[in-house]
Structures are given as C-alpha cells and as structure tokens.
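The residues making up each chain are set out below.
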Amino acid sequence: MKPAAFDYARAATIPEALAALRDGARPLAGGQSLGPMLNLRLARPGKLVDIKRAEGMRAVALSATSARLGAALTHAEIEDGRIEDVTRGLLPHVARGIAYRAVRNRGTLGGSLCHADPAADWVTTMAGLGATMIARGPAGERAIAAEAFMLGAFTHALAEDEMLAAVEIPRLSPAARWGYAKINRKTGEFAMAIGMAVLDGPLARVVAGAVEGPPALLPRAAAALLAGETPDLDAELAERLPHLPPPERKLRAVALRRALAMLSEAR
Amino acid sequence: MLPVTLTVNGERQQLLAEPRTHLADLLREKLNLTGTHLGCEQGVCGACTVLIDGVPQRSCISYAVDCDGAEITTIEGFDTDPTMAKLREEFSAHHALQCGFCTPGMLVTARDIVLRLGEVPEARVREELSGNICRCTGYVGIVGAVCATARGCAPRDSAAPIAATALAAAAVAAPVETAAPRAAQPLTGGTSLTETIAIAAPPDQVWDAMGDLPALAACLPGAEITEVDGEAIKGRMRVALGPIKVAFAGTGTVSLDAATRSGVLRGAGRDGGTGSSAEGELRFALTPSATGTDVAITLQWRLTGALAQFGRSGLVADLVRRLAAQFAANLQARLAGQAPPAAPAALNLFQLLWAALKARFGR
Amino acid sequence: MDGDGGGARGGGGIGARVRRKEDARHLAGRGQFTSDIRIAGMRDVAFLRSPVAHARVVSRRAPAGADLLFLDDLTGVGEIVTRSSIPGYKLSSWPVMARDRVRYVGEIVAMAVAADRAAAEDLAERAEVEFEPLPPIASCAAGRAEGAALLHPEWGDNLFLHSRFDSGIEAVAATAPVKVELDITCARQVMHPMEGKGVVAWWDHRAGMLVVQTSTQVPHLIRSGLAEVLGIPQAMVRVAAPDVGGGFGYKCLLQPEEICVAWLALTRKAAFRWIEDRREHLVAGANARQHHYTLTAYANEQGRLLGLDAQVEVDTGAYSVWPFTAVLEAAQAGGNLPGPYDFRAYRAEVFSVATNKPPFAPYRGVARPGVCFAIELTIDAIARAVGREACDVRAENLVPGSAMPYVNVTNKHYDSGDYPASLATVREQIGLDAFRAGPARDEKGRYLGIGFATYTEQSAHNTKVFAAWGLPLVPGYDQAQVKLTPDGALEVRAGIHTIGQGLETTLAQIAHSMTGVPFENIRVTLGDTATTPYSTGAYASRGIVMSGGAVSRAGEVLAGRIKAIAAHLLQTEAEQIEFRDGRIHAGAASLDYADVGRAWYLRPEQLPEDVNTAGLEVTEGYKPATDNGVFSYASHAAKIAVDPETGIVEILDYVIAEDCGRMVNPMIVEGQTYGGAAQGVGTALFEESPYDEQGQPLASTLIDYILPGPTEIPAFRISHSETLSPHTAHGIKGVGEGGAIAPPAAIVNAINDALSGLGVRITQIPATPERIRAAIAEAQA
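Residue numbers (the working numbering), protein chains in the order written: chain A, 1 to 267; chain B, 1 to 363; chain C, 1 to 781.
These aren't lab readings, by the way, just hints derived from the structure by calculation. Please note that a few of the clues may not be correct.
[Said to hold, decoys possible] One side only, chain C facing chain B, incomplete, derived with CB under 10 Å:
| no. | residue |
| --- | --- |
| 1 | Ala-24 |
| 2 | Met-236 |
| 3 | Ala-240 |
| 4 | Leu-602 |
| 5 | Arg-603 |
| 6 | Glu-605 |
| 7 | Pro-608 |
| 8 | Asp-610 |
| 9 | Met-667 |
The model shown is predicted, which means the values in this text are computed figures rather than measured ones. Note that CB positions come from ideal geometry on N, CA and C, so glycine has one too.
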C-alpha cells in the first residue's frame, strides 16, 4: 500500500520545527515506526515536518553526572559507541537489540520514545535509568521524568505543539551494575516482556517493560535489592499491573528475574 | 510535488516527487532501477534495502523527499565493488538464492556485515542477517556465503565518535510517584472491561444526574452526542492511537431502566479514512453501597476493517482502559457537582475511541 | 529410458553439482519480475476489498467521472466456477468482484484505475459501498453447527464435500489392546512468496492478442482459464510468466485479479498493472493449512499400529479455486493420512467446510504437513502408551524396504526405497542413544528433547490420480522442445516455469546428458504460451520428472539426428559416434556441434541423402511408466530445547535423510529441502493467520504474522540416498515439496519428548510460546 497524500517540510532549527507543529504538522524523525503506519494508510497526517535535521537535534553534551543526547541520534550510532557511553555498556547493548541494522541506521532515539510503543526498548530503558526527557515547546524547555513520559500505548506526555529535543541520562558510576532481559520470539521483533534492573551504590531501579502500557517501576523490588533481599516480584507486579492476565504477569517476572541475575554477572 | 536531488549510483538526479512517494518507488518507477524490490512496504522483510549515505536502510519506509541531498547506492550500483563481486561469487557457489527476489536486499545487508564486522562467528552473521527474510533457501547458503566472504576480513575501524560539548547544568525532572492504577478486571477476549466507581451520594440522586445523556457522553473523552430523539441518538467518537487518528460517526440507541437503575448505550460508526468500523456498548448499573453508590461500568467494543486486523489487541485494550478510567473520573466529578478534572494532555492530544452508536455498518 | 544419455555424467550433466544459470541476473539486480515490466502508458490498478467477512452488498456507487469499476461494469466476464467429478461435491460460483454478497475479508469489491498505485488507492477509498452484515462463519465448528448461516444458501449446508474412506475398522477397534485418542489442530497460514502476485496485461495490436505477463507457476493453464472466463478464444491470449519470486502453490491458481486486469487490457486496448502488496497477501491470501483432526488409533502391546479412525475438518474458505478445486486438500488429507506406515484398517471422514475466509489453495506439500503432523504425533502417542522409545515404534511400523513395491491401504503405490533405513540414519546422526543417556535439561534449565518424523512425498502424480481427485484439468504428457542452433548451441523450451527451483539449470543438465552439448551453451526458455510447448505447469513436485523426462526424450531423439549427420560428415556409422568433452567424436576424428548445425541449416548439400527432414528441432512428450506418481521419502529428526518459563523453543540440531531417486543436481535438491524445511519450521513454531469470531483476520502485517529468520532456522544437516524409481526417466523423483512436510511433526514430537516429564502434550501448531506456557501451566495445575 502507498500512503495517503501528505505535505512535507524540513525544519532547519527547532523554532522552525515548533512553528510547523503549531500549524498542525506532525513531527517526522527517522520514520521507522511511522513509515509502516503511513504506508498502511492508518496514519494520515496532513503534513509532516522533518525535525531530525534541525540544529541541535543530534548534539551530545556531557557533564560529570550526566549525558544529554539529542533526540535525533540513531540507534546505530549508540550501538557503535559513537557517543560516549555513560551507562557502562547498557545503551549500546539495548541499541543492538532494536529491530534490524537497516532500521537502526535511520531510526532515532527520540522517534522511538515518542512512538511510545509499550514493547519498544527505549521507553523501558530510560525509565529504568531515571533519565529525563527534554521537551521543547512554545514556552521553551520542559523536563519530564522518563517514567512519566509514556502515558499509555502510543501515548506520551508531550502536547501537540511540543517536541522531544533531547534525553538526559545520568552517568552510572564505575561500580554500577545493570541487567536488561528482553524476551522475544524472534531476533529484532518487539518484546513479549522486558525486565530491567540498575544497581549503582545507593541507587536501585527495577522496571517491568512491554506491559501493554507504560513501563512499571517497582520501587519495593528496588528497595529489596538495596537491602540485599530477594524481591517479591509477583506481589508487586500484581499490584502494579492488575490489567495483565496472570500468565502475562508471570512472564514479566521471568524477565525481571533474568535481569536481576545479570546484575551479578561480570561485565 | 517537491524537488528532490539525489546522487544515485554516482549520478546526480534532479527529480520531482510527491512527499508520499517512498524512495523505493522513486528508484523503481522514475529511474527504472528495478533491482530494489518491494517485499512488504512495512519495513520488515528487507528486500528493499539500499545504501543511503553509505549505510543500509529500508527504502520502503524512507520517503524520497526525506532523502533529499543523499547519496543512494542500489544493487545496480555495485558492479565495480570488489566486496560485492566476492559476495556474488560466493552466493552462487553456496546456492544462496533461489527465486532471487530477496537477493538484492540480502546482498546489500551482507556487504555491510562483511565490511563493518569482518570475520565473525556464524551466530553473529545470522543475527545481523535477521532483518532480511528469505522464503526459499532456509538461509543455509546465504549464511555460508557471507561467512565465506568474510573469512579473514578485519572489521572496519570503528566509526568516528560524535563530538560532545560540556553540559552545564543537568535538567532534573521531579521523580514521579508511581501510584497503583485503579484495579480492573482482566479482559476476557480483549474486548470488554469493567470499572466500578464509588460515589458518595444515594443511588436515586446519582440516577437522576445520569439522565442527561449529552452530558453523560461528554464524560467519555472524544465522544460527542449531537442529537437525542427518544431512544435514538446521533454522535461522533474521535479516537487516536498514536499517529492513527480516526473519527467514527454514527448513530445508536440508549435505553435506561429506572427500576433496576441501569442503562445501555449502544452504537456503531464508521471511519471514512481507514474504512474501519466500530461497534460499542456501554452498560452501567447502580447499586447502593455503604458510602453511597457503586456505579459498575462495562465497556465492550468490536472493531472491523484495517484497525481490527492486528494481533496486538493489548494496545487497543490499553487505550480503552484509559478511556474507561477517564470516563469514571469525569462521571465521578460530575456527580459530585464538580467540573470534570482537566483531561491529561494525552487525552486531548489523542482524543478517543468508539461511541456514537447503533446503525448498521456503513450507514 | 534409464540411461544417462550420451553425455558424460558430471561436467554439467545429470548428477553434477553445477551452479545455476539463473543466478547471474538476480545477483546483479537485473532479474525481471512482473512489477519490473514497463509498458508505455501503463496504468495501475488498486482493489477495494471487503472489510467484513460476510455481508449482503446493499448498494455501491462510484463518484461521478471516477475510473472506479464494479462487477456490473465488467461486461462479458464470467465467474470462476470449478467443476469436479467427485460425487457430492458442491459447486461455488466466485464472481471476480462482489456481486450481491461478500464472503470473506479481502474479497474484491471494486477496481480503481489511475496513473500510479497511490492515486488508484486514493480512488478506491472513494467507492461508496453499503453492506448489510450476515452472520459470519469463522470456523469449521461454526460452519457445521445446527442452524448455521449458509455461505451458499442453495447448498443447504456449508460442506463443499463430505468424503469417506473405510477399509473396515470395527474388528480392530473391538480387539486392539491399545487405543489412543488425539485432537490435533493446524493453524491457517499464508504461503508468503517474497514476491506477491502480480499481473501486467496489454493489447498487442500487431499480433491481435491479449498479452498477460503474470507471476504464475502455470502459464498455460492461466491462458485456458482466462479465455474461458473472458469468453474469448485461447488463440487470442498469450500468457507468459516473467521471473517469479517464489510460488509455493499460491501462484498455481487463476486469480480474480488476473481476470480483472486482463479484462481492462482486452476492452481498453491498453496496458494495466496490479501488484499485490503484503497487506493484501496477508489478508486476502490466508488460504492454507488449516486442518482439524480427531483421531483414534489402535495398536498392539508392542506399539504396532493396527488401525486408524479419523475425522478431518478442512477450513476451506468461501469458494473453490480454479483449477484445483476446494477439495484437493480433503482428498489428500484422507488419502495420505496413513503415511509411510504399514497397516490395513483405516476409516476416515473428511469435511470440507465452507467458511468466511479466503478460498483454500494447495500450499507446498498440500495436505501432507497436516497429515504428517497428525500421524507422527499418533505414533509417538502409541509409543508413550506402550512405554517404548518412539523411534523404535516408528521403525517397526514403517513399510519395510523388503516390501517394495508396496500398495498401501488407500491404494498409494510406493514404488521404491527403504523408509526404516532413512529413520535409522537420522537416529544415528541426531545422536539419540547418547542423548537418552545424558541430562534432560541444559545448563540454562531448558528441557531437551528429540523428535522424529518420516514421510513420503507423492511426486509427479499423473492422469489417473488427478482424475480420481475430480479435477477439471488433468495433466497428461508434458512436452519439451530441443533445437540445435546453426552455431551449435542448444535451445530448450518447455511450458513449465522456473519459480526458484532452478529448472533453467536442471533441464539444461538433462539436455547436456542427452546431447553432449556443453552445459554453458544450453539456453532454457520456459513458461510462455507463445514460445513453449504445452505443460500444465510447476506444481505437485512434477517439474523435474515430467519436463525433465520430456527434455530427456526430446534430447534423445535429437541426439540420434545429430549422430546421423555427424556420422555422414565423419564418414562413419552413427553407432560409432560418441559425445564427449563438448564435442562429437568418432575414433580419432571429431566435430564441433557447430559443424552439424552449419551442415543442416546452411550447407544442406553436405547432408546424407536419407537425412531426417524434421531437422535439428525436436518436440517430444513424456509421461512416466506409472500414472500413480513416484514416491520420494525422508526422515527428519529435531533436537530442541524448551524454556519452560518463556515457552520459547530453540532448535539445537536438525538432520534430514532424504531419497528423491536420481538427483539431477544435488545442490538444488539440498536447496529445495532446506527451503521447504524452513517453511516447515514456520508452520511448526511461528506462522498463523488467526481470525476472530467475526471473521476478521488478525494478522495483516509482518509484525503479526511471524516468518522465521536466520536466527530461528537451524543449520540443517542433510544426507542423501538415491533409490532410483523404476518408472521414470533416469530414476528421477520429485523433491520440491517434501522439506515442508516433516518439520511440524518432528519439532512438536521433540517438544513433547522434552516436556514429557511435566505431562505436557502439544497437539496444536504453531507451538507458540503462549501455547507452550499455557500447556505447562495446565499440566501443573
């Protein structure tokens, strides 16, 4: 199938992109999720504005405590280590598991986050890292906690006149450990379940992903991890994900256990 | 039509293209470079893989206008490339092709594997090839040919790092309290769900307040009742699932039973764009509780057409669940005599599913 | 004719592992598929398809001036009606676009014509069609239920056919000490050639002919079908197949789209094109594999199968396809269920149920992946019931080599081979005995198992077999033409088509063996009704036997004529002539083929007086000595690991021991087997076109319909034996379908072996992670 007709413009700057959004255009980054929906005529935007080439959208900035990655950086650039990795290998590991190389060469970090597919990797990863989404809108910059960014399947916290400009990722210490377990039927396919855990000194985060809605942070499991106890994942998942049928919750518990097991693996 | 300038297989091309024309169609239909094949146009099968600015990408989900200024290499552009020559030789020797349809995309991907990674274990070759589907060979010959070509090859020097600047002050978003969501019953068959809300008012009072149908419908984000004529209603329901936005227009019926303090709204509507239809039913029943009234709300829906034809029904279920929660919150506010709480940005943004009611498909 | 002809074996002849002639153009990106054809002024077609499974079409309207057509606009076009001589078979009439009803999601409702595909799709959306829903029949159970809505009201029920076979089962049922019962389900699938269907049609003013280039396995049949439905003489139609990007059975049918596009070209005298997109294929092409079996098997205490009582349902879809009918699947399901096993009591009832789904079509292996799955699970179930190793029980039940030729309970004539030997081979190669002595779980906690399956593949079945299936078109002699050119090259022409299986190469190998003309000087032209002799086409693993046999025979005749001329030129007798090293020899003297070609065409004064005036151009027909088909066979063994927490299955090892008689090109035999087996892995573990109870298909994208990729397909290991068929030229048997037959059975038997300690029995394919997890949970509850 071929898409329904749409208009297209390229934004050279973020303000230009925002002006187009204000006029009703929808943002286009790598288009690797939007493209299939356009081709199937399920998405029918009147106009697309290419935001991936806007100035600053591919910028990288580093500090002692965090890295700020432009939203238009590609999965492949992260996979290949072309961006200094502040996550002790987590981001390249996750990037390599996203779809296929040809998709990773065009698909972007921000595009994937804004597509907000519950089964995609970055929404869960960023929630697990405690990253901050940097939105740009008419009123300037706005910071949104990663775990609050996705509101539901295909739904995020940006207004129609806002765009995701960057993601700020806290720097993990050299002692940090992480686990990321994705369960899927086939290489490159969307996940059936994702489990993720990060343990870095006094900080611990445990998150269940691919849960048909926003990723679920499990603070009690994180606390147990810090206390050196075995978390009661099943109980916390039942509380956090009541809408999932029990077998589906069980699968998330499996992914989480595998992620937790990775914490003790040498890396 | 927009102007597009591309360098294709070393030759500069100035063309006009509709924004909706993907790169593969431009190459095939305007430049007659028919070696780039379209196997799915869904970004999955890999038959259309070409080099865009030197790296393999899907030409079916890259739009020609969005490639303006790029260098493109198609299968026809590798005639003097030594790595491709070796691959072609090994593909033939290993019987790595049968019908030949996946072959051009497979070769473009294979060449990238050989050059980028050099000699790697077979398992890695299989992983790297996994974005290209072959239906004929069982991949035996393809994997063998790529491994044979890569034998003894060194990986390419890692690509240049992207320069970083110093980040002055980190933005810190307030951490979010993760409240447990309202309990809902597990979906049966993914097509219905029930919410119960408690109202601090006696059932009679709640029942009276629910008689105002347009106001009741307004509690369902995206729904709008435009006409009420006895039991017949007309209306509209706007729904968005990410970039998919549909507006179901249709008619329906409402029936209220004061004796049991229950009601049913039923309807069906059609979205002109996707040609999809929805039928839905909203049932509610009031029962007295210790604190006032429990309102049990059941949403049931059924989709037909393009929107229905996916395996991941959980995504629609998530949408409906959020709708139901929003409906419950709005209804509670309304019954409490308050203005409905501001809908979250997302529900303004992605209005909603279903509603406007009963009529046969297509009317 | 059982020799290898005059040419040397190897060196490009029969048995040589030569590279394919097809490769160069595809590797260069210069293949020519249907969508690559460019005709001046060509316009694109898009179809509006039904969004509902079952409805009355109340009204339809096109916007004024729009080039948007409904059925009534297609003047002179008939419907697709496929007759069958089988008693009790009910006829369906399939309009090329909806008449008063739609009967499946994806059925064509309107045709839009525009300058390009995108514009045609825009136009198709503007059709205004009103449907009045009818109750959908979304399963066999729904179709057979009391009071079910009727797809074809004039039938009185929803059965295309209710067929029965009964050799007598009561005696065995009354006395057998062991009885096992199974309920077995196979999912609906699409065939998914990487290239979808496609057709380009135009009017050739010079020839006064409709020219149809279509992605088909059966161009000569399509010509007959098109002429019939369009109501024009066959001489007015030329059908040719360009490069075909995979067929697998999907492209052996007359499609409504071919008729619609051909009608446009015929009536408007211009060029039109329709290219199936993937969504169309996944929705309107979900037409294969869906069977349901209820089985009772009877055995003795050693596990010897004594009798089988079967009820089979085939979810046949809405209409009967042309020419293979809606009931070919049923005929094969009932007829092939006994498989390679030696038993004499068999009863089968097969229900071909009309449902609101796309019309059923024969996919690689036709019913055999389903019947193999059913019978092989039955063998394992019997082995469990008697507490023995399944591989041992299987070996004892197979028809032994000493019994060949063997006629089985459903009158299949197994011509040759040693089935137990192939099983013994894979048993040894997969390492069953060492495995049984080792751990049941791996270091990751996954359960390990090994499963087996043995099957026969009836290939090149011919006139009597097809006539017994009641088909309207019955294959007989396949023909081929060979011609020596004036410069000594060889042209081979056959009406069959190459769809990936490499016939340009293997027919050249046979021609080389027969004539000695160097392999590289042989050019093969296929699949064009204007330039090739008649063949019903490429299906049913018949190509290499039938067309190969025809090329062999034509080559043999041509070789005699070459020898006669060469003998005259060399002043010797024809008996002294031999073909060797690409030249024609008589003792120390030799000639080039060009010398013979030149003499016939350009220097006739050099020819002998009694020269055969038919010249160096020969068309011959061929049919094997038997009409019953010849049986290839194989055993497969899979070693798998099941992750009990996720339900994910990994295939650790997969071995195949196959025998397809004489291999013309072992490399191609292996390629066919690997490719078939990969599709079998898809059937076993991944591929499924589910429908909801409204008849809505739930897999319209490749995210929903999962095709196995390189990490899901194992590195198959294969071994061959070559038991020559006594009935065919060179002892060749067909091999195109076989690989797809056994994997579901071998893999699921392995899963059940792995999970036997948990009491899990998987009897449904694909064995998805969800199903395996559910089965484990159920067993543990």
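Worksheet item: Of the numbered hints stated previously, which ones are contradicted by the structure, given in increasing order?
Response: Per hint list: 2, 3, 4, 5, 6, 7 and 8 violated.
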